[in-house]
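Chains as they are written, first to last, in the working numbering: chain A, 1 to 337; chain B, 338 to 628.
These are calculated hints, taken from the structure and not from any lab test. The C-beta atom is built at its ideal place from N, Cα and C for all residues, glycine as well. Certain hints may be false.
Unchecked claim - Restraint ranges, calculated between C-beta atoms of paired labels, are given here:
no.	chain 1	residue 1	chain 2	residue 2	range
1	B	Cys610	A	Arg307	50 to 60 Å
2	B	Cys610	A	Leu189	58 to 68 Å
3	B	Glu523	A	Asn65	54 to 64 Å
4	B	Pro575	A	Trp17	48 to 58 Å
5	A	Lys171	B	Ile495	50 to 60 Å
6	B	Thr468	A	Leu123	36 to 46 Å
7	B	Ile495	A	Tyr275	37 to 47 Å
8	B	Leu517	A	Leu123	47 to 57 Å
9	A	Leu285	B	Phe548	31 to 41 Å
10	B	Thr455	A	Tyr275	16 to 26 Å
Chain by chain, the residues run as shown.
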Amino acid sequence: MFTALLVALPLIIGQHWQVNLLVFTLMYAGLAAAWNLLGGYTGYPALGHGAFFGIGAYAMAIGTNHIGVGAGYRSFLLVLPIALATGVAVLPIARLLMRTRAATFALLSITVMFMVQTFAYNLRSLTHGSEGISVPLAPFPATTFERPFYYAMAALLALTLLVCWAVRTSKLGLSLNAVRDDEDRARGLGVQTELVKLVAFALSAGLTAGFGAVWAYYVTFVFPGFAIDPLLSLGVILMAFLGGRRTLWGPVVGAALIVPAQQYFAYRYGASHLYLVAYAALFLLVIYLLPDGIIPSIAARLTRLTRLTTRCAHTPRAHIADSIADKDSITDKGERV
Amino acid sequence: MHLLVQATIVGILIGGVYALLASGQTMIYGVTRTINFAQAIFAILSAYLTYTLFGALGLDPLLSVLVLVPAMFVVGAAMYMVLIRPLARSSGELALIVLYAIGIGIQGLLDLVYKTNTRLITPSYTDLSWTVAGFQIPAVRFFACLLAVAVLGVLHVIRLRTKLGRALRATAENPVAARLLGVDVERTSALGMGLGVATAGAAGAVFGMIFPFNGNTQYDLLSKLLSIGVLGGMASMPGTIVAAVVLGVIESVVAAEISPDWSAFSFLVVLFCVLSVRPQGLFGQRLRGAL
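Bound conformation, chain A alone:
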């Protein structure tokens, strides 16, 4: 049903700005889902996904310009190779990063982003430095210009969700959960922690680069501060948190709520600085009011409802167990440690 909706949407609403909004919504949904592979399932707080997005964007820009792959739909053929190549190319650095944990990992991941940005600024022969590279404009008819990009993003999002689903339902997902809960114990129990972490990293980075590639072709201009954006990394995390980290659909829900709000805000108030403030404020609201995200909160509400009905139904024992559980949750809240 979701697929049908995705396919039909741009045919129903044809306004340029609406489709444009949808393109970005899908892109962020996919980015958040890709981040979730590493930041959610594996529990490694990656803050530097802007780096991989930028690598994808630059690869696309350079690919279409220098190598001279013909314009038009054929440029989309570059997206998957870029995603694959990035996924493979990040492995050595992933190996290094994955030896660290928690805060140190967060810190190194953001450092990688700064490194990539430095490269983008300084390797002028390749990236044209701070001037940026323009990507040849796609020769699509003006009336439906956004549509091919929309479908490209949709396909990539579908692929990302498929990967997430496959990971979740496989042994890989279980291993990643084990790594998240207690890595040392997982290794002790024979989980190939190094390997599964690398796979999660590569999948996450590769998919992110794929979205970067489509994005570059869509916006037709790539420049370091824009393509490798710390705000992108933060935005993606915000969406994953809002929708529900570690769930399959959480990132999509988060993006569907945030991206339109963000675009509306940007059009309405223009000033990009106010927008930074609003973003940060929204983030804090989400973390403090909905720490588990929308989908887990709804799920918890539902279980509580069903529990209530069973409690009314009978069994004094279940009743006692429930009240004990409730009390536990209260002391949990009241105390630290």
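Since the structure of chain A is provided, determine the placement of chain B on it from the hints.
Here is chain B on its own, set in the frame of chain A:
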């Protein structure tokens, strides 16, 4: 050779300022187990405040430290009580992301108020420098380093000689045991965070005299701070100071010998080389358990 020595001198002087800023980060990491991703923006914030104090009241940047340090102390302690403490039960990474968001929010506010043109604080001694044995010592950097050493000295005394310092060290080492031994961990953590942010206040004031800055400078500064943190091993105060001075020297030497474009990058390369051998940094201990 002359150039190399000259660059090293300048590097050590600026390394002192980095050390000051990073020592606050280390202190905060000690009590909250969270990296203060907003440390850089607090430095930029106080650089802007110094700029305003200097422009409006003619207050010397070195004296404005006396105002900024207490102010930033209050900000830091309040931030702990309001924002970080409620997250104490969840994982440290959440607090880290929250601090990152705070940093971006403050940057937005600063950009709104001050616009995005780069500023530089220029007191009368901006261009002053002394020649010692053939080497130039710029006055601004010298004063900045002197101030940094003074503040670091005060911090050192607080940490080692006072009751608060003992509580801080105990909390950093083992919060549960500290609580059992009668340390008010909440209060200590708030004070620790206050002290950490206060160092950003002092460092920011002099930073604004040395480098032109705007809101975006926070990323540059942040990447340096984080590199220092990793290299120094996050929780180790001596490690942090050594790493900061090493960073200052490498950066300055590369800028002089190769190109300023690559100076920040060179340190990242060193960082990655070190990490490939010692993932816990030069002075760090191995982390156990997925935090």
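Given a hint of 16 to 26 Å, does the C-beta separation of B/Thr455 and A/Tyr275 actually sit inside it?
Because 21 Å falls inside the window, the suggested range holds.
Is the distance from the Cβ of B/Cys610 to the Cβ of A/Arg307 consistent with 50 to 60 Å?
55 Å Cβ-Cβ, so the 50 to 60 Å window holds.
Could you check the hint for me, namely that B/Ile495 and A/Tyr275 are 37 to 47 Å apart, CB to CB?
holds (40 Å)
Can you tell me whether the CB distance of B/Thr468 to A/Leu123 sits inside 36 to 46 Å?
holds (39 Å)
Quick check on a hinted range of 47 to 57 Å for B/Leu517 and A/Leu123, using CB atoms only.
Holds, since B/Leu517 and A/Leu123 (Cβ atoms, about 55 Å apart) stay within the stated range.
I want to verify a distance hint. Is the separation of the beta carbons of B/Glu523 and A/Asn65 within 54 to 64 Å?
holds (57 Å)
Does the Cβ distance between A/Lys171 and B/Ile495 fall inside 50 to 60 Å?
holds (52 Å)
A/Leu285 versus B/Phe548 beta-carbon gap, inside 31 to 41 Å or not
holds (34 Å)
Is the distance from the Cβ of B/Cys610 to the Cβ of A/Leu189 consistent with 58 to 68 Å?
violated (33 Å)
Holds or violated: 48 to 58 Å for the Cβ distance of B/Pro575 and A/Trp17?
holds (57 Å)
In summary, the structure is inconsistent with hint 2 from the numbered list given earlier, while agreeing with all the others.
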